[in-house]
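Engineer: Using the sequences and the hints, build the whole thing.
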Amino acid sequence: MTGPYPSFTTAASQPPGPIHAVLGPTNTGKTHYALTRMMAHQSGIIGFPLRLLARENYERLVKLKGERHVALLTGEEKIIPPGARWFSCTVEAMPLDRKVDFVGIDEIQLAADPDRGHIFTDRLLHARGKGETLFLGAETIRGLLRQLVPGITIETRARLSQLTNIGPVNLTRLPPRSAIVAFSATEVYAIAEAIRQKRGGCAIIMGRLSPRTRNAQVALYQNRDVDYLVATDAIGMGLNMDVDHVALASLHKFDGQNSRALTPQEVAQITGRAGRGMRDGTFGTTASCPPMSQELIKAVEDHHFEAIKAIYWRQTNLDYSSPEKLFHSLMSKPPRPGLITGRTAADLDVLSGLMQMEDIRDVARGHKATELLWEVCQIPDFRKLGDGSHTRLCARLFLDLLKHRRIPPAWMEGQLRGLDRLDGDMDTLMHRLSGVRVCAYVAARTGWMHQSRQWQERCRAVEDRLSDTLHERLKERFVNKRATALLRRPEAGAASDALYAVTPQNRIIVEGHEIGQIVGFTMQIDTPTDNREGELLLRAGKRALRQAMPARIRHFLKQDASQLTLNDDRQIHWEGGAIATLTRGDDLFHPLIQLLPGEFQDNHQSRQVQTHLQALITERINGILAPFLRLVEQLQDTPTLRGLYYRLREDGGTTPTLPEDRSLSPADKKRLYRSGVRIGVRQIYYPLLFRPASLPMMVLLHNIWHGRHQKTPNAARICLPVADYPTPPPGWEETGPVHTRLDRLDALLSTLRPHGRQPNRSFIAPDTLASSLGIKTALLPALLKSLSIPHHAPQPLTADQYGPASPLIILGRANRKGTKPIKHTRQNRKTNPPRKEQKNTRKLADSPFAALQKWSSGKS
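First residue of the sequence shown: 10, per the working numbering; consecutive thereafter.
Please keep in mind that the hints were generated in silico from the structure rather than gathered at the bench.
Remember, it's a predicted structure, so these values are computed and weren't measured experimentally.
Hints may contain errors.
What the hints assert, rightly or not - Under the rule of at most 35 Å between Cα atoms (straight-line distance), these lysine-lysine pairs were calculated in the DSBU-like manner:
| id | residue 1 | residue 2 |
| --- | --- | --- |
| 1 | Lys262 | Lys484 |
| 2 | Lys87 | Lys342 |
| 3 | Lys207 | Lys393 |
| 4 | Lys139 | Lys72 |
| 5 | Lys139 | Lys108 |
| 6 | Lys794 | Lys678 |
| 7 | Lys307 | Lys318 |
| 8 | Lys377 | Lys393 |
| 9 | Lys207 | Lys262 |
| 10 | Lys334 | Lys108 |
| 11 | Lys87 | Lys393 |
| 12 | Lys318 | Lys342 |
| 13 | Lys139 | Lys74 |
| 14 | Lys139 | Lys318 |
| 15 | Lys87 | Lys72 |
| 16 | Lys393 | Lys342 |
| 17 | Lys318 | Lys393 |
| 18 | Lys334 | Lys393 |
| 19 | Lys87 | Lys377 |
| 20 | Lys108 | Lys74 |
| 21 | Lys87 | Lys412 |
| 22 | Lys342 | Lys377 |
| 23 | Lys678 | Lys720 |
| 24 | Lys377 | Lys412 |
| 25 | Lys262 | Lys393 |
| 26 | Lys342 | Lys139 |
| 27 | Lys108 | Lys87 |
| 28 | Lys262 | Lys318 |
| 29 | Lys334 | Lys412 |
| 30 | Lys412 | Lys393 |
| 31 | Lys87 | Lys484 |
| 32 | Lys72 | Lys484 |
| 33 | Lys490 | Lys262 |
| 34 | Lys108 | Lys72 |
| 35 | Lys490 | Lys393 |
| 36 | Lys207 | Lys307 |
| 37 | Lys567 | Lys720 |
| 38 | Lys262 | Lys342 |
| 39 | Lys377 | Lys139 |
| 40 | Lys794 | Lys679 |
Structural biologist: If you want it as structure tokens, here you go:
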């Protein structure tokens with residue numbers, strides 16, 4: 010084998026145990042079965058195709074067997090406790106010099122990969138466990154397994170769930186828990202940005218990410234902080250995630266040399282990530298990718314693929330006598346059918362480059378130097394700059410190791426110091442991470458550095474810092490934190506675990522983010538940070554109210570009428586928000602309730618609110634207008650008075666005075682007066698309805714009944730301008746240019762109309778008349794004219810006149826000219842004849858008037 014460990018050879022005294030293979034598509038439980046089989050033995054080694062998978066399964070084993078019994082071996086990490094019995098490794102780093110009871114290889118079909126296939130082929134041919142050897146992979150390698158591994162037993166497992174194609178789906182319509190797969194960083198970034206704008210955010214998985222960053226991004230998705238994952242085909246290698254749908258953004262990929270179409274097996278490997286356990290999954294295409302062909306869809310759904318005809322092989326029995334012979338041995342032809350030579354690997358390219366360097370050729374002589382040279386050539390080129398820098402790095406390290414037998418700490422210190430920087434964009438951070446991974450690989454090599462464990466920890470610390478920073482940059486770039494927190498979806502059939510709350514100020518809080526507030530029973534969303542976020546916030550707010558609305562309705566049902574506010578706009582407000590509108594009912598004092606649109610979940614909730622609200626409004630009206638509404642109880646026993654009350658009620662608190670109203674008996678009039686009803690010259694009214702405490706309610710009820718929008722006047726005002734109030738408010742009557750309050754109108758009529766003791770006498774209107782009515786003096790004549798009160802308008806002095814101007818004069822009955830006599834409404838009224846003047850004939854002898862009379866008569 011290649012790498013730091015010698016090739017595995019089975020001892021003749023102890024032949025290897027049985028060799029098995031478990032084949033099948035994704036989601037068949039193969040990995041779980043392999044781990045279970047390994048733990049059933051006293052010791053074991055299992056190899057995975059990715060460092061991330063090795064780490065993931067290492068942590069699973071630690072939980073089951075304890076940290077001191079489990080080891081982790083990858084190119085960059087080496088954790089080997091003294092009592093380690095079970096090893097989780099990458100395939101390249103498997104310590105096959107250890108004799109263990111169990112050996113397992115995952116994704117064995119990767120032996121057909123042009124770049125790494127020879128490593129898997131080597132493990133297939135040489136890695137054996139004392140008690141059991143197990144290969145996991147796709148059904149396509151079945152024929153070659155039987156051909157290359159005599160005596161192998163093969164078990165085929167069916168997929169636990171069904172995989173179904175749903176065709177092309179637009180990015181904006183992808184279902185939640187979807188993974189979108191692209192094949193270049195540029196495409197991944199573009200799709201991720203579109204998902205952020207349309208759906209709140211996504212996690213990113215790319216091969217260039219460090220394992221820690223990939224783990225953090227996977228956790229971001231697994232924890233349901235985001236509902237979408239944008240990835241390269243790296244997710245096809247056994248990453249276990251809760252993906253319901255896989256959408257391919259392309260059906261072609263660049264394989265390092267050419268752009269080629271994906272094979273059906275590759276499509277199945279990627280799309281097979283959809284569904285987990287017994288849950289079915291779906292797949293399709295998205296973005297600009299054309300639909301899949303029917304042949305491809307059928308192959309993926311039925312898991313029928315063309316069998317692998319050959320796997321890649323490279324010589325592992327190498328000749329280290331010189332670099333040239335080493336190179337020649339690496340270029341050996343495959344020894345048997347079914348094995349082919351793969352693409353020139355990166356380590357072979359580095360060896361070829363080093364052999365051309367004169368200083369390397371001068372010192373690379375002999376078995377030991379050549380073997381060291383080959384080990385240095387196998388340092389992975391994580392950076393992939395393509396500028397020869399990796400070859401120069403390997404030359405520097407080879408010379409240091411050959412000369413000093415150790416890599417100088419100053420070199421490692423300088424490398425890490427330059428890489429341990431958190432500034433720069435995402436690509437810069439990923440480039441630094443690649444450099445740190447090279448340093449970690451060097452530090453993990455046995456014997457290459459003094460205090461290698463400390464340097465491994467130092468590399469791990471730098472990698473962790475860069476990884477965490479990169480993860481945060483990815484979140485900042487591709488995750489709208491507020492939107493994704495609000496849109497977090499629970500698993501199917503599970504209750505939502507999102508934290509919803511409504512503050513005492515009615516602010517809606519979801520997962521610690523304020524998104525708006527509840528106003529009445531509706532939701533007001535805060536201004537979104539961008540134009541596309543509004544829809545997301547609205548949807549999240551509605552989900553929040555599904556939790557909060559029942560409690561809010563229960564809170565409302567405990568409220569009394571004092572908690573409601575009625576405005577002139579006919580709307581009912583509660584806790585600062587409009588919840589309903591008052592509409593015309595069966596009579597003026599019983600308006601109906603019409604709920605405004607709200608976030609009610611069903612009709613039952615809205616009916617509860619409407620019923621309670623109707624009761625509160627009725628209670629509010631009855632409370633404010635209680636004296637008037639209870640009049641019916643006081644006047645019920647007298648039909649005439651009861652009828653008059655119903656007229657008052659139908660007309661809204663005032664009703665015209667009819668002739669028969671003036672003919673009521675004195676007892677009925679007195680009873681009405683004590684009840685608060687006033688029979689005026691023009692109107693019968695109930696003054697208490699128009700006092701400050703009840704006037705706003707009366708104006709509102711009249712507005713609703715008559716379909717108008719009139720503001721509530723000041724109850725203390727006597728006259729209101731017609732310009733401000735086109736129709737008289739309840740409690741006022743139109744009197745020419747103004748509306749006059751009914752109680753003051755009656756007082757005015759009783760004072761100014763010629764019904765007094767001296768009907769024929771005219772008099773000057775009081776100077777305070779206009780101010781007592783709250784109007785301008787110039788309006789008095791028009792007001793008196795509307796009331797049919799005879800008067801003489803004031804006349805200003807002309808230029809040749811002197812003295813005071815002619816005042817406003819109220820004319821007596823005899824002074825009227827051209828006025829019609831007042832018609833009395835009572836037909837049976839008797840007119841008493843005028844009394845004759847009777848002279849007082851009584852003379853007082855001592856009266857001075859008597860003496861004056863005698864004197865005047867004598868003189869005459």
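Engineer: Of the hints stated earlier, which fail here?
Structural biologist: none
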